[in-house]
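There are 2 protein chains.
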Amino acid sequence: MSSETAESRTETLDAFHRGNFHVLQPKGEGHRSGVDAMLLASLVAEDGPITVADLGAGAGAAGMAVASRLPGANVLLVERSPLMADYARRSVALSENSHLSGRVSVMEADVTLTGRARVASGLADNSFRHVIMNPPFNNAGDRTTPDRLKAEAHAMTDGLFEAWIRTAGAIAMAGGQLSLIARPESIGEIVAACGKRFGGLEMTLIHPRPDADATRILVSGIKGSKARLVFRAPLFLHGEDGHALLTRADDLNNGRAAYMRRTGRHV
Amino acid sequence: MSSETAESRTETLDAFHRGNFHVLQPKGEGHRSGVDAMLLASLVAEDGPITVADLGAGAGAAGMAVASRLPGANVLLVERSPLMADYARRSVALSENSHLSGRVSVMEADVTLTGRARVASGLADNSFRHVIMNPPFNNAGDRTTPDRLKAEAHAMTDGLFEAWIRTAGAIAMAGGQLSLIARPESIGEIVAACGKRFGGLEMTLIHPRPDADATRILVSGIKGSKARLVFRAPLFLHGEDGHALLTRADDLNNGRAAYMRRTGRHV
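Protein chains in written order, with this note's numbering: chain A, 16 to 282; chain B, 16 to 282.
It should be emphasised that the hints constitute simulated quantities derived from the structure, not laboratory data. Some hints here could point you the wrong way.
Taking lysine-lysine and the DSSO-like style, the derived pairs with C-alpha atoms no more than 30 Å apart in a straight line are [stated by the list, open to error]:
1. B/Lys42 / A/Lys211
2. B/Lys241 / A/Lys211
3. A/Lys211 / A/Lys241
4. B/Lys211 / A/Lys241
5. B/Lys241 / B/Lys211
Label-pair distances were calculated between CB atoms; the ranges are [stated by the list, open to error]:
6. B/Thr25 / A/Gly210: 40 to 46 Å
7. A/Pro97 / B/Gly49: 42 to 48 Å
8. A/Ala259 / B/Thr129: 53 to 59 Å
9. B/Ala227 / A/Gly130: 39 to 45 Å
10. A/Pro97 / B/Asp62: 56 to 62 Å
11. B/Pro225 / A/Ala30: 28 to 34 Å
12. B/Glu177 / A/Ser113: 52 to 58 Å
13. B/Val134 / A/Pro97: 57 to 63 Å
14. A/Lys211 / B/Thr129: 25 to 31 Å
15. B/Arg243 / A/Gly87: 36 to 42 Å
16. B/Glu177 / A/His258: 41 to 47 Å
17. A/Gly210 / B/Lys211: 18 to 24 Å
Over the 10 Å line for every Cβ pair with chain A, so calculated as not near, a few chain B residues [said to hold, decoys possible]:
18. Lys42
19. Ser116
20. Ala135
Note that the Cβ used here is the ideal one computed from N, Cα and C, for glycine as well.
Can you make the complete structure from the sequences, with help from the hints?
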């Protein structure tokens with residue numbers, strides 16, 4: 016089924032938000048978007064016209080999910096990998112996404128660029144109301160990475176959060192919101208990287224079941240806020256038994272609800 | 016009821032672990048021990064003879080709770096304030112605590128001492144199997160500190176966790192365990208201070224109710240471990256309704272159960 020050339024690479028067309036938009040993704044290779052991307056998108060909760068940058072967008076699922084739920088959102092998908100940026104462009108161009116395509120664009124750029132190089136790439140300072148990110152990570156300590164693309168997408172390196180959040184801090188407007196989803200073990204790097212850039216950090220741990228360790232953490236913060244960090248009530252994906260998402264998680268996953276910040280935009 | 020002199024200061028005799036031990040505490044002044052100290056003590060879970068240092072012990076509730084539940088525990092209460100150290104000594108000496116008093120001692124010393132000064136104070140390097148701490152914090156951003164003693168006990172300063180955990184790292188044996196309870200907003204400082212000193216960090220957020228923000232975080236780590244940080248299932252003190260502690264929290268509070276580490280002592 017698989018092939019050596021990108022052109023004939025086996026791919027899938029996946030529906031999100033109960034069919035409201037679709038994403039083309041390479042099959043069995045690279046990082047595949049799913050519930051993580053939808054939960055990340057749920058953190059953007061603001062009516063009216065907003066600019067949104069999705070850093071390391073991959074095939075574009077998270078950014079497109081924001082556009083799908085928020086008709087005022089203008090979304091820029093930023094992706095370094097030419098292959099994944101191509102998937103993002105082809106996803107946006109799908110006829111199934113024609114209601115979104117005028118508000119979603121793709122930029123091929125390296126999120127870790129700094130200073131003038133970043134501005135020259137097209138990422139202007141102080142220009143986004145929202146910056147969202149699902150930074151790559153590897154599972155080096157846990158399991159093998161079966162292929163090269165996945166290894167690249169999951170290539171967690173020391174200083175990754177510092178570099179990515181530095182860019183977010185530069186391109187976000189004053190009072191703008193950073194939203195991210197990550198592995199819980201990255202919390203120290205995330206808090207350190209937010210530093211004086213983003214405050215009012217709101218953390219939500221995601222547990223697959225009520226008695227299980229957290230597998231992800233949702234983080235949002237406001238540029239320039241001095242409000243203290245809070246951990247909100249945990250989010251359980253499933254109940255003690257059963258495989259269906261619990262109502263709350265399902266609503267977030269399907270774009271029927273946003274995950275509102277508790278403390279708003281107190282700077 | 017209150018008076019200006021320490022000798023006639025109004026004090027209370029509080030029962031813990033369903034009356035298995037008692038603690039003398041100043042009334043209405045200083046940091047008063049309660050559920051926090053009992054949850055902290057529950058993190059020490061090891062049979063057989065162990066040495067335990069309780070840093071910033073106050074009147075001694077947490078350290079005495081370890082001694083109360085673990086008959087093999089030899090506990091040193093370390094407290095800087097002469098007034099609180101006196102309460103700790105008087106608490107240990109109570110006839111109600113005679114079954115513990117041979118295994119609990121009090122040292123008046125500043126936890127933030129370093130190097131030779133720390134050793135000279137009586138805190139030897141690599142000498143404790145367990146180090147526990149409930150470091151002071153203030154509520155400057157949240158509410159007023161009504162009196163001087165409380166202000167001193169809650170005097171959170173930048174670098175506090177670095178100083179306290181540096182001492183813990185020095186006095187803990189290789190493979191020894193650090194356990195602490197703190198406010199969730201301190202997580203960045205805690206993770207940074209553990210750094211290469213303590214790994215295998217296990218975090219548990221404590222929420223007063225399932226839908227409420229976390230009010231405390233329990234942390235344990237193993238000296239020299241390289242295991243990754245995990246967030247365990249949250250601990251809810253109360254249910255959606257009612258004021259009684261839930262069974263799990265009540266068991267930890269009353270010394271009927273320990274809060275075992277998930278991953279043991281993999282270094």
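Here is what the structure says about each hint:
{"no.": "1", "hint": "B/Lys42 / A/Lys211", "verdict": "violated, 39 Å"}
{"no.": "2", "hint": "B/Lys241 / A/Lys211", "verdict": "holds, 29 Å"}
{"no.": "3", "hint": "A/Lys211 / A/Lys241", "verdict": "holds, 8 Å"}
{"no.": "4", "hint": "B/Lys211 / A/Lys241", "verdict": "holds, 29 Å"}
{"no.": "5", "hint": "B/Lys241 / B/Lys211", "verdict": "holds, 8 Å"}
{"no.": "6", "hint": "B/Thr25 / A/Gly210: 40 to 46 Å", "verdict": "holds, 44 Å"}
{"no.": "7", "hint": "A/Pro97 / B/Gly49: 42 to 48 Å", "verdict": "violated, 59 Å"}
{"no.": "8", "hint": "A/Ala259 / B/Thr129: 53 to 59 Å", "verdict": "holds, 55 Å"}
{"no.": "9", "hint": "B/Ala227 / A/Gly130: 39 to 45 Å", "verdict": "holds, 43 Å"}
{"no.": "10", "hint": "A/Pro97 / B/Asp62: 56 to 62 Å", "verdict": "holds, 59 Å"}
{"no.": "11", "hint": "B/Pro225 / A/Ala30: 28 to 34 Å", "verdict": "holds, 32 Å"}
{"no.": "12", "hint": "B/Glu177 / A/Ser113: 52 to 58 Å", "verdict": "holds, 55 Å"}
{"no.": "13", "hint": "B/Val134 / A/Pro97: 57 to 63 Å", "verdict": "holds, 59 Å"}
{"no.": "14", "hint": "A/Lys211 / B/Thr129: 25 to 31 Å", "verdict": "holds, 28 Å"}
{"no.": "15", "hint": "B/Arg243 / A/Gly87: 36 to 42 Å", "verdict": "holds, 40 Å"}
{"no.": "16", "hint": "B/Glu177 / A/His258: 41 to 47 Å", "verdict": "holds, 44 Å"}
{"no.": "17", "hint": "A/Gly210 / B/Lys211: 18 to 24 Å", "verdict": "holds, 21 Å"}
{"no.": "18", "hint": "Lys42", "verdict": "holds, 30 Å"}
{"no.": "19", "hint": "Ser116", "verdict": "holds, 39 Å"}
{"no.": "20", "hint": "Ala135", "verdict": "holds, 33 Å"}
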